[in-house]
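Trainee: Take the sequence shown: its position 91, counting from 1, is numbered 188 in our numbering, and each next residue is one higher.
Just so you know, these hints were derived from the structure itself, not from any lab.
One or more hints might be untrue.
For lysine-lysine, the following DSSO-like pairs were computed, each having C-alpha atoms within a straight-line distance of at most 30 Å [stated by the list, open to error]:
no., residue 1, residue 2
1, Lys217, Lys194
2, Lys217, Lys116
3, Lys116, Lys220
4, Lys116, Lys194
5, Lys194, Lys220
Label-pair ranges, simulated between beta-carbon atoms [stated by the list, open to error]:
no., residue 1, residue 2, range
6, Glu193, Lys116, 27 to 33 Å
7, Arg221, Asp137, 16 to 22 Å
8, Ala163, Glu122, 22 to 28 Å
9, Glu173, Glu208, 36 to 42 Å
Backbone N, C-alpha and C define an ideal beta-carbon position, used for all residues, glycine too.
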Amino acid sequence: MEGWLGWLRSDPKSDEAFKNLERVENWLVVLRVVIIHSEDRTAAQTGLFGLLGDVRVQIVPVSEQARLSALFDLAERLDRQNQFAHRQNLERYSVEKYQEGLAHSVRYGLETNDEQTVSKFLKRMQPAVMFRLCTEMCNHSREEND
98 MEGWLGWLRS DPKSDEAFKN LERVENWLVV LRVVIIHSED RTAAQTGLFG LLGDVRVQIV
158 PVSEQARLSA LFDLAERLDR QNQFAHRQNL ERYSVEKYQE GLAHSVRYGL ETNDEQTVSK
218 FLKRMQPAVM FRLCTEMCNH SREEND
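Given the sequences, and given the hints that come with them, work out the whole structure.
Mentor: And the structure:
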């Protein structure tokens, strides 16, 4: 099975492409996506999605624990208040768990266990969680939408 960076090996210019990837100084790597189902007004009142609720995607480094907690708190509160047709996993993970997941992804993506190579990439990568605001109420039960 080919890793997520395996395409580099099949490209005739892979050495050049790989060197270009190595030049990227900081990578914000989304390891998890959380959808927050809310009305526009509710989202705007929180201030977590911009002053008007118009910044619908928030990518938060896991090192920003206060911001991460505020967004997870909102997701949990809305999850409890609403009759969602499909609930999502809102379990919170430690920074260490995200770091482990990122290291595993890099090893798989580069198809290597060489710690020097993995470490070289990990030094420049930050795990993150993406929170996406959905105002379509698509996840509410049919009774609630009627």
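Trainee: None of the hints should be skipped; say for each whether it holds.
Mentor: Verification of the supplied hints:
no.: 1; hint: Lys217 - Lys194; verdict: 19 Å, holds
no.: 2; hint: Lys217 - Lys116; verdict: 12 Å, holds
no.: 3; hint: Lys116 - Lys220; verdict: 16 Å, holds
no.: 4; hint: Lys116 - Lys194; verdict: 29 Å, holds
no.: 5; hint: Lys194 - Lys220; verdict: 16 Å, holds
no.: 6; hint: Glu193 - Lys116: 27 to 33 Å; verdict: 31 Å, holds
no.: 7; hint: Arg221 - Asp137: 16 to 22 Å; verdict: 37 Å, violated
no.: 8; hint: Ala163 - Glu122: 22 to 28 Å; verdict: 25 Å, holds
no.: 9; hint: Glu173 - Glu208: 36 to 42 Å; verdict: 38 Å, holds
Violation of the numbered hints given earlier is confined to hint 7; every other hint is satisfied by the structure.
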